[in-house]
Each structure stands twice: as structure tokens, then as C-alpha cells.
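K.L.:
Each chain, letter by letter, is given below.
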Amino acid sequence: EAGVVQSPRYKIIEKKQPVAFWCNPISGHNTLYWYRQNLGQGPELLIRYENEEAVDDSQLPKDRFSAERLKGVDSTLKIQPAELGDSAVYLCASSLKGTSGINEQFFGPGTRLTVL
Amino acid sequence: GQNIDQPTEMTATEGAIVQINCTYQTSGFNGLFWYQQHAGEAPTFLSYNVLDGLEEKGRFSSFLSRSKGYSYLLLKELQMKDSASYLCAVRPRGGSTLGRLYFGRGTQLTVWP
Chain A
1 EAGVVQSPRY
11 KIIEKKQPVA
21 FWCNPISGHN
31 TLYWYRQNLG
41 QGPELLIRYE
51 NEEAVDDSQL
61 PKDRFSAERL
71 KGVDSTLKIQ
81 PAELGDSAVY
91 LCASSLKGTS
101 GINEQFFGPG
111 TRLTVL
Chain B
1 GQNIDQPTEM
11 TATEGAIVQI
21 NCTYQTSGFN
31 GLFWYQQHAG
41 EAPTFLSYNV
51 LDGLEEKGRF
61 SSFLSRSKGY
71 SYLLLKELQM
81 KDSASYLCAV
91 RPRGGSTLGR
101 LYFGRGTQLT
111 VWP
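Protein chains in written order, with the working numbering: chain A, 1 to 116; chain B, 1 to 113.
Bound conformation, chain A alone (with noise of 0.2 Å):
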């Protein structure tokens, strides 16, 4: 069975550039998970999505940041523009429901940004 699959892995930019990340989650997975880990922290969470409805944006920076799951299966995470600051690594998770039980989150191998 695939895994969660991001792309790219790696991506350097300049400040003030845009930038796209896409995640593919595991088949039949319904709750997709959008996380920025910075260097020696732990992953915390931008937004959470339902199938395609986002039921948790409340940590999202909604001035720069930007994401969308159209039809429920893949999704994206934007960033226009690019600051300094958001030099982290992009993990996207999957898992078959968010709220109760193990309902163990599966990670993808995440998208190193640098913002030079």
C-alpha cells in the first residue's frame, strides 16, 4: 500500500515568491493534515481537513497562507508570498477519521522549504 506522497521535497525560493505544495493522502483516508515543522520542534498543525470541508484553520495564517482539497482526495498548500520566517518543513498526514480511537496519523516525507 502507497503512502502519503508530497511533493516537492525540496524547494528553495526567494522572499516574496510564491510557492505550492501537494499532497496525496492514502486511499480511503478521509482527514488530511497540513503541519510546519521547525528545526528541533515538533510538527504543529496549519489546518485540518474532513473530506473536503477544512473543520480546523485556526493555526493557518490566512494573509499568506492558503489551501484547498477539491474533491475530497488531494490536496494543496500555498504560500504568497514567502517570507523569511517560513523556512520549515511542510508535512502532510493522513488518517481514516480525526477524532476518536488510535486513528493513528500516517506522515508524508514532508517538503524542506528555504526562503533565502
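Simulated from the structure, these hints should not be mistaken for laboratory data.
There could be a bad hint or two in this list.
[To be verified] Straight-line distance between alpha carbons at most 20 Å, and here's what the computed SDA-like set of lysine to any residue pairs gives: (1) A:Lys71 with A:Asn51; (2) A:Lys97 with B:Thr44; (3) B:Lys68 with B:Lys81; (4) A:Lys11 with B:Ala39; (5) B:Lys81 with B:Arg59; (6) A:Lys97 with B:Ala39; (7) A:Lys97 with A:Asp63; (8) B:Lys81 with A:Leu46.
[Stated by the list, open to error] Sample of chain A residues with no beta-carbon within 10 Å of chain B, all distances over it, derived: (9) Val4; (10) Pro8; (11) Ala20; (12) Gly28; (13) Gln41; (14) Arg48; (15) Glu53; (16) Lys62; (17) Asp63; (18) Phe65; (19) Gln105; (20) Gly110; (21) Thr114.
For glycine and all other residues, C-beta sits at the position ideal for the given N, C-alpha and C.
Given the coordinates of chain A, work out where chain B should sit on it, guided by the hints.
P.N.:
What follows is chain B alone, placed relative to chain A:
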């Protein structure tokens, strides 16, 4: 808010036993998770506790005390491949954060030969 605390670094030798502690303060509680993350890789699930007590899974065990807001991950018969960051994560109960995981900053474990 959520507050999760775990040591930044630990070291141990091959074959030894190591215990990684995690304390937490959360508004409501609906489970505690441990994840392993090797450098440059994705976190992978290790264990889940929602009731008090010890959960054992091979060389790894995890303990939870809800009244103390405390958990530990116990790694036995350490191997070099166990060198990684170990992340403690708490899932609160209810409200707008239903389903969200709050992660600690991770404990970097180095296993020496």
C-alpha cells in the same frame, strides 16, 4: 492552551534501557501518542495511550498517568537504529481542537556503540 514538556536530548549505549518522559497540561484529554522521527524523515507512529497504565509493544512500552499529566516511553535492548527524535503528542477532547494533535518539541536520542 496546551503545554507539553519533554527533555531535549538523551544518550544511551547499545543494549541498554532508556526512559523518555513527557509531561503535559491540556484542556481535556483524549489520548497520548508517541512518534519516532529519524533525521530528515517523516514521523512514524509508535504507541497510543488513553487509559492509565502500561502498553507494551515489543521492545517499546509506553506508560500513562492521567492524574499526573505524565507519560513515558521505555525503549529496551537499544540498537543503533533507535537513534532518532521521539515526539510526545496529546489529543485534547472537544471544542474547536477536536481531533488535533499537539506535539512536544521532541527528545533527540543518541545510541552509542
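K.L.:
Each hint should be assessed against the structure and marked as holding or not.
P.N.:
Verification of the hints:
Distance restraint check for A:Lys71 and A:Asn51: the Cα-Cα separation of roughly 8 Å lies within the 20 Å cut-off, and the hinted pair is therefore satisfied. Of the pairs offered as hints, the one joining A:Lys97 and B:Thr44 holds, with about 18 Å between alpha carbons and a cut-off of 20 Å not exceeded. With a CA separation close to 31 Å, the supplied pair B:Lys68 and B:Lys81 exceeds the 20 Å bound. Our distance criterion of 20 Å between C-alpha atoms is met by A:Lys11 and B:Ala39, whose separation comes to about 18 Å.
Simply put, B:Lys81 and B:Arg59 have alpha-carbon atoms about 13 Å apart, close enough for the 20 Å limit, and the pair holds. As the CA atoms of A:Lys97 and B:Ala39 are separated by approximately 28 Å, the hinted pair breaks the 20 Å bound. Using a Cα cut-off of 20 Å, the hinted pair A:Lys97 and A:Asp63 is violated, with the two alpha carbons roughly 28 Å apart. Only pairs whose Cα atoms come within 20 Å are accepted, and B:Lys81 paired with A:Leu46 is rejected, the gap being roughly 31 Å.
Against the 10 Å criterion, A:Val4 falls within the reach of chain B, whose nearest CB is about 8 Å from its own CB. At roughly 15 Å, the least C-beta separation between A:Pro8 and chain B is larger than 10 Å, which holds for a residue marked as non-interface. The beta carbon of A:Ala20 is kept farther than 10 Å from every beta carbon of chain B, the shortest such distance being approximately 20 Å. With a closest Cβ-Cβ approach of about 17 Å to chain B, A:Gly28 is found to remain outside the 10 Å limit, as its non-interface label requires.
With a minimum CB-CB distance of about 5 Å to chain B, A:Gln41 fails to clear the 10 Å threshold, and the non-interface call is violated. Remark: the non-interface label on A:Arg48 conflicts with the geometry, its nearest Cβ contact in chain B lying 6 Å away (cut-off 10 Å). Every beta carbon of chain B lies more than 10 Å from that of A:Glu53, the smallest distance being close to 12 Å; the non-interface claim holds. The non-interface label for A:Lys62 is consistent with chain B: the shortest C-beta to C-beta separation is roughly 15 Å, beyond 10 Å.
Residue-level check passed: A:Asp63 sits 20 Å from the nearest beta carbon of chain B, beyond 10 Å. With a closest Cβ-Cβ approach of about 17 Å to chain B, A:Phe65 is found to remain outside the 10 Å limit, as its non-interface label requires. Here A:Gln105 does not stay apart from chain B, with its beta-carbon only about 7 Å from theirs, under the 10 Å limit. The Cβ of A:Gly110 sits about 6 Å from the closest Cβ of chain B, inside the 10 Å cut-off, so the non-interface label is violated.
Every CB of chain B lies more than 10 Å from the CB of A:Thr114, the least distance being 14 Å, so the non-interface label holds.
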